[in-house]
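Just so you know, the protein sequences line up as chains R and D, in that order. Position 183 of the first sequence, counted from 1, bears residue number 183 in UniProt numbering, the numbering being contiguous throughout. Position 368 of the second sequence, counted from 1, bears residue number 368 in UniProt numbering, the numbering being contiguous throughout.
Misleading hints may appear alongside valid ones.
Unchecked claim - So these bits of chain D aren't anywhere near chain R, every CB distance computed over 12 Å:
1. S23
2. E166
3. L227
4. E264
5. I418
6. P435
7. D524
Unchecked claim - In silico DSSO-like links for lysine-lysine, alpha-carbon gap of 30 Å or less:
8. R:K294 - D:K495
9. R:K462 - D:K294
10. R:K543 - D:K495
Treat the hints as calculated values from the structure; they're not laboratory data. We put the CB at the ideal spot given by N, CA and C, even for glycine.
Each chain, letter by letter, is given below.
Protein chains: 2
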Amino acid sequence: MDIKRYLPVLNWLPSYGRSQATSDLVAAVIVTVMLIPQSLAYALLAGLPAQVGLYASILPLIVYAVFGTSRTLSVGPVAVASLMTAAALAPLADVGTPEYVAGAILLAVMSGLMLMAMGLMRLGFLANFLSHPVISGFITASGIVIAASQLKHLFGIPASGHNLLEIIHSLVQSIDQINLATLAIGAGALVFLLLARRYLKTWLMAAGLPSRMADIVTKTAPILAVLVTTVVAWQLDLGAAGVRLVGSVPAGLPELTLPSLDWELWQQLAVSALLISVVGFVESVSVGQTLAAKRRQRIDPDQELVGLGAANLSAGLSGGMPVTGGFSRSVVNYDAGAETPAAGAYTAVGIALATLFLTPAIAYLPQATLAATIIVAVSTLIDLPALGRTWRYSRPDFGAMLATILATLVHSVEAGIIAGVALSIGLFLYRTSRPHSAVVGRVPGTEHFRNVLRHEVELCPKVTFLRVDESLYFANARFLEERVMDLVSEEPELKHLVLVCPAVNLIDASALESLEAINERLGDAGVTLHLSEVKGPVMDRLKRTDLLAKLSGEVFLSTFEAWQRLIGNRVPQRIPV
Amino acid sequence: MDIKRYLPVLNWLPSYGRSQATSDLVAAVIVTVMLIPQSLAYALLAGLPAQVGLYASILPLIVYAVFGTSRTLSVGPVAVASLMTAAALAPLADVGTPEYVAGAILLAVMSGLMLMAMGLMRLGFLANFLSHPVISGFITASGIVIAASQLKHLFGIPASGHNLLEIIHSLVQSIDQINLATLAIGAGALVFLLLARRYLKTWLMAAGLPSRMADIVTKTAPILAVLVTTVVAWQLDLGAAGVRLVGSVPAGLPELTLPSLDWELWQQLAVSALLISVVGFVESVSVGQTLAAKRRQRIDPDQELVGLGAANLSAGLSGGMPVTGGFSRSVVNYDAGAETPAAGAYTAVGIALATLFLTPAIAYLPQATLAATIIVAVSTLIDLPALGRTWRYSRPDFGAMLATILATLVHSVEAGIIAGVALSIGLFLYRTSRPHSAVVGRVPGTEHFRNVLRHEVELCPKVTFLRVDESLYFANARFLEERVMDLVSEEPELKHLVLVCPAVNLIDASALESLEAINERLGDAGVTLHLSEVKGPVMDRLKRTDLLAKLSGEVFLSTFEAWQRLIGNRVPQRIPV
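Bound-form chain R, shown alone:
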């Protein structure tokens, strides 16, 4: 049982049969065709040689098949992690230097170790602090930055920068150096990919292909762009015409690579590695859970940390860049019928074969083609209407989302995440520090109590029922004191105050002091303090204090019980809404 938890491969491998193998093989072929251009493109995006992307698509896939819990997640290089890798390395080394490559490899190793440690310590819940608006805003902003960063490859001009302002500034300065052959290749590929995404599925379905199959073939369009532009570049010798090609890629499988042991470098990369880990984990888990739920399977977030960590560690040790579960590839893998993580292992074999035999061809691949595939891929990540939806639902969530987007666009991906998380935690604390509370009355003829301002309820001037809609803790304890004392000063006839506590999930030590103070001050004012609907866990804790002994009134199981005892048959006052 326990060993299956840490080696999820044991859950499916012993019963692995021919029909599953067939499904997995078909899916693997399709994903391989999709992954070859992606590996090359994301290496380019990260500023790394092409083979670093290929290496990250071999061993990590096999390792994830052993340790991962998702049946259909497709692990490998992804856009956002590649952008974060480039942003992390920019201040430390120049693109193209051995130090830069070593930094990327170290990032994969560190990220792997961090993820595994978090998994073994069951810290998966930490990822929950990346709220949905922050993730959504971050991915949108990253998509914009990534697309902008690829324009230089499309135009064949030099440019740099890791936020939108820097990139635009840099592009504008060298816009006069446009290479027309590069632009022709890039724009051609871009137009083809956009048209394919828009119309190919319809054409294929009109040609008789079933919808799912048409979908899958559409998603492999980039390989066609790669093939055609590679052949064109080779035949027309576009390299000599100033079109930047991928260039010579060493043939052969990756070798064991030991990470740098430069302690200073580890320290410099620590924050980046942590953010790459957490963002990659969140992305993977969201995709994995969505796909698992469709087949009534479960994934185990803590074991996913271990699986992704092992995958990253193996990426680094085999000379690859950081990896995670990619959204579009995983969906294709699922739709193509992958049944077990063996599909991932077969994909690894496909990429290994490509590394062994296709590298001479890859040398002629124009970088502009890869840039076009990246731009088309990330354009699906950009979801600006989400800003409007979030604005309508919740201003604080909108604020966190906007802060994330702006910080990412004008400063850096790291600043974006940190600003978003800090702001969403801050806003949550602010909201809970000013809790909603309501005077409630009895819904006539029932045992149910609702807000006097919203419902037509019965009241009694001598007894006030105050419902507090928040856990009581240090940030709002004083707020409660003020609310109660205000209430008492407004109701001269008041004899009993019942604090209705179904929403109080916690009373911490600060709030306990406040309750004691309230009890004492109400006592001085001749008002008896009662509690009702105190939750079990809260009551257990209060029993360990002397509040209950000091309490001037009683603790009622239900608010209706308090009503019966304190008001009984006296005719209460009916309040219209």
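Knowing the structure of chain R, use the given hints to seat chain D on it.
Leaving out everything else, chain D in the frame of chain R:
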């Protein structure tokens, strides 16, 4: 109306009469007698010349009387703020240098400006994030550090350090240099003060004094120690015997002092000034609220920020150190009958007279006497049993308290506060990220629903009522998804799931996404999702989304309504506890 809010003096001055003036004058005389040794002692504690303490007890009291809202708060130098001042200045200048004094004055000015800005921006609620255990732990630890720091004056040896370890290390190294005359004075004063605190009140009451009067006289014992040891030091010429005296203090009122405009110094002191401001504010407001409640008065925390800020600004501009409302002095002021802030203004006159006429005598006052008064004063702040009480009530609160104490003792006052606040916020987030939830059933014969594990309730296998005991937000949204899916996989007969939401005070955008996912997944599993007891503000917000349209089930006003609709008269199953 509004002008009275910003100038609270207008609330009492127009109706100020003779009887109030008499009460205020009596209180002012007593507080002056208490404040003279305290001003000198806290200046010594902060490493400042004696007059800096006296100056901080003149103008700030008058300014607070105009802008403060507490009728009885006694503003001036206090122990904890003095320790924090010393800790802030230690890395920047040597004790006794003009730079050190200028730093203290700048701290008062910065603290004043920060407090006033926070008051005008209505940021008083920020102080709530200092939880009770953190404040309590911080004051205990500060008391220990302060007492330890005064031992050098008691023994007449050189020592330094701003945390307990440094102080003890420093004391041990110079313990062989003890000055016996100093020790005699210091130990004598200490024993006298301790005996006075223990027995003087009883003696005075036995001598016929009323209890409150005896209490007040007891608290002025330090002035007696000051008088006696000053006379002894003068007559025996103890200065020549190596006993360190306060030394010459310039006579006369303070002059306008402009703060340093060194921008770098402002930056270096910013964090310290902020912490001194917040801690001072919290201390003042707690004392002020306690005393105000006894007389059914209110204080306005945001205006208190303005009042304390103005007091600090005036302290700095008149060459004084940071000030705040002191606990023991305020209690004496209250007990002595002060009715309005005019008592503070009269006290200021008393201190001004002392500054004009008593400085020649103060020159002979042994520092050991002041050290003894500080030790006795702070010993009342040290509350170690609070650790035990907090441990019994709540482990997380205990953790925050212990972290605050340890960080203060072994590192610094600033580290103590920051560690305490960070840990208490972190623990709160952790708790809310793993919310309590309970399957509930109907308490037989009522409309009330309670936890099946704690109460004997009625259930129906086709309908599960799940009560979620926490607001739903990003940190726990995924947790809810997992809880619901686990529940559904355990109950094969389940047809309806009712989420009982009286404790859900907020559903943020992340939790909304989770609810939509839950609704969809339950739909796939043939289970209908209902909501009950959704609070008004939460419902208002849900109405702005399409969740309610997509919801497979209904939203019930009460859980009993859901029970009647979904179960009706079918005989439910009774579950024993």
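Hint numbers the structure violates, sorted upward? 6, 7, 10
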